[in-house]
Structures are given as structure tokens and as C-alpha cells.
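**Student:** Sequence:
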Amino acid sequence: MKIIKFKQTHDGFFMDSSAYPNYLNKVKDKIPEEALQFMSASWHYDHNDPRCPHDSKIDSLIIRENLIGDFRVTNIEMLLLGGYDNRFSLSYSNAHSYSIKKNKCEWPKEDYSHGDWLIDEIILLNDNLLMHEIIFTDAVIKIKATDIIYKIL
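The sequence shown begins at 1 in the numbering used here and counts up by one.
If you're looking for bench data, these hints aren't it; they were derived computationally from the structure. You may find that some hints are simply not true.
Label pairs and their calculated CB-CB ranges [unchecked claim]: (1) Leu125 - Asn75: 30 to 40 Å; (2) Ala19 - Phe71: 31 to 41 Å; (3) Ala19 - Ile68: 30 to 40 Å; (4) Lys102 - Phe6: 17 to 27 Å; (5) Tyr98 - Asn126: 16 to 26 Å; (6) Ser113 - Ile68: 17 to 27 Å; (7) Ile3 - Glu110: 35 to 45 Å; (8) Glu110 - Thr146: 38 to 48 Å; (9) Asp55 - Lys151: 12 to 22 Å.
Backbone N, C-alpha and C fix where the C-beta goes; we use that ideal spot for every residue, glycine too.
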């Protein structure tokens, strides 16, 4: 996390996204419209809004390589089960890189999931690509792509 503050405390987590709107104002002209809508949505970090991804769980993560002319491009789709029993998807166009770091679940011991979505941050990189970092209770996913599309299903 570059802009948003996040750390684990003895009784949970500390999250502060208050600096994010100022950051978005500085870079918004360089961000694709679909991604900007998700990044700047008033509900994005409002944990009381059902559209907010906080507390969501991964339903599926699909990586596709499509042939475009002589080249292959990687697109990623993440389907999520929302914290309010709703569903939504995140689609990443032209993924240049991605990583998934999965940690062992401490509790409950029989749970092997990625855990709940805690916080995310999308930043514009120097190469004009978007980096989306998502922190779950038991995993961290980072995806670098040209565009990000959020859809309620």
C-alpha cells in the first residue's frame, strides 16, 4: 500500500483511506473511465454500503490468455461473494503481471480460503498501468493491468 494506511493491531486492523481522494484528483486524467469509476466511488471504502468490496470472499479467479493477432494477452476475472450476500466481479484487461501470496489460515484451522477482503488500493504506475493490491485476511493479490472494470452481478 502506497497511499492507504493499513496495519494489523493487537485487536484487529487499522485502515485509513483518507489520503486516497487527493491522490485520485492528481492522477484521474490518466486513468481509464471504468477504473476511475470504481476507484473514486463514494461507496468503495464505506463498509456499510453493500457495493463496498470489504468482507468479500473469492468465489473464483479466472486467468485467460487470448490470441489477438500474432500476440497473446492475459485477462483476469475475479468473482466475489460480497459481505452482504451479493456478488460482483472485477475484470482486469491486459494483465502485465500478477502475484498471489497465500498464507496459512490460523483460525479456523480447517479453513483454506483466502479469507475476507480487508482493503485494496489501485495506483497509477509510471508506465501508465494500474496496480491493484488487495489484502485479504490470509492472502495478498497484486494485479498490474491496463484497465479494471467492477460490475455488480
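**Student:** Hint compliance check: list the failing hint numbers for this structure, sorted ascending.
**Tutor:** Violated hints (numbers, rising): 1 and 6; every other hint is consistent with the structure.
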